[in-house]
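The chain contents come next:
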Amino acid sequence: MAAPANPSYRLLIALVLAIVMMVLDQRTPWAKPVRYWLGYLTAPVHYLAHLPVDSSEWLSEQTQSRSSLISDNNSLKRQVLILEQKVQRLAVLEAENVRLRELLNSSADLGANVLVAEIIGVDPDPNRQELVINKGAGAKVAQGQAVLDAHGLIGQVVSAGPLSSRVLLITDASHAMSVQVNRNGVRAVLAGTGQSGQLRLLYVPDTADIKEGDLLVSTGLGQRYPRGYPVAKVVSIEHKAGTPFAQIIALPTAHIDRASHVLLVQPDSDAPKIDVPPADAKESADE
Amino acid sequence: MSDRPAGTGIILVTLFVAALLEVIPMPGRLDWVRPEWLLMVLIYWVLAVPGRVGVLWGFFIGLYHDVLVGTTLGQWGLAYALGAYVMLAAYKRMRVFNGLQQSAVVFLLIGSASLLAFLVQESVGRTLYPPYTILYASATSALLWQPVVAVLHWVQLRFLVR
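Residue numbers (this note's numbering), protein chains in the order written: chain A, 1 to 287; chain B, 1 to 162.
Just so you know, nobody snuck in bad clues.
Distance condition first, Cα-Cα at most 25 Å in a straight line; then the derived DMTMM-like pairs of lysine to aspartate or glutamate:
(1) Lys32(A) - Glu22(B)
(2) Lys233(A) - Asp206(A)
(3) Lys233(A) - Asp209(A)
(4) Lys140(A) - Glu130(A)
(5) Lys32(A) - Asp125(A)
(6) Lys32(A) - Glu122(B)
If you're looking for bench data, these hints aren't it; they were derived computationally from the structure.
Predicted model only: the values in this text are computed from it and were never measured.
Construct the complete structure from the given sequences, taking the supplied hints into account.
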């Protein structure tokens, strides 16, 4: 066996490359192509690792009995009826909302396109709360997109590969977002704790009007998340003498641990953003 | 028997399997003790064919690990390159060690490589638990070193990697 050539130079090259790459990745967007192209090689691993889950789901679908399918079908039909009735009211409310907003001369809340994706991986590192989903830049997923399930917000896309994307969950310790209490509009910062299924409200004064059971919805401030989606429910409030802020724990309304499919909200590309200049808004209202 | 290198494809296949084990879903708490499969396989191939698999292999496999688990690019690249370098310097000694001694070396090597990666991750603010938690994974890696060597050695002989 040939003896290896002097590896010190190679180590030097590798160290310099690694350090340059770390700095570029943290401080600039220039390292993104590397991550993107390597995504072609990592996505198959995630797809393959998800295969056992997929095939067991398929098997249980195939072997379901006729009676259970019928009862499933019936309950779904009932659910659809209830949802349809709710949607009817929603259409009226939406139209009314648009009219009121036009009266106020502010831009309308825009219906967003939605893309469905499947969760194919969970971050193995307990320090981080991230997911991998099976839609990438090929399906028009972009960094910064909001991700939700049927019950509420889950997180945002932090890197879109060619075939898969990574989603940072709202429960990650490095994640924080702006929310408001649905009941009275009190705003606060909702931060992740790193524990799945637990969130904290930061810097809320002891006197703020927040109660257990309050629903927290996204405010749209920061322009990362769409406005008005449910995010979390307050479960406990602790007032400690001697500390300036109340300690408030909230649970995400989304079923983060149990969800298998998620929705990606696509901001409308041709629609005006929140910061529309007043003149344009007037013109579009005139039309 | 010639000295011509052979079996690069087989090395890549073993690395692919290791990458799969790296992300395959495991029930909750087992994530703490998930062995560093990719690093173990890298160490094995450095030991087996030091003329071919070395520092640059380490760097690129580490980079792949970074993209796979979504860490800062270069975080594991750095750790793997250094790990491969240390193993290149010590592969002759490592080969004459008995099983227990080899496992101890693997424990130290994977422990220090993970510590390096942990420091990078800490500097970008993505750690939550204290650094000693990386020892769990290093310990399981050391425990599983013998079986991994047995499997990879069989693969090496079966597919004539040299």
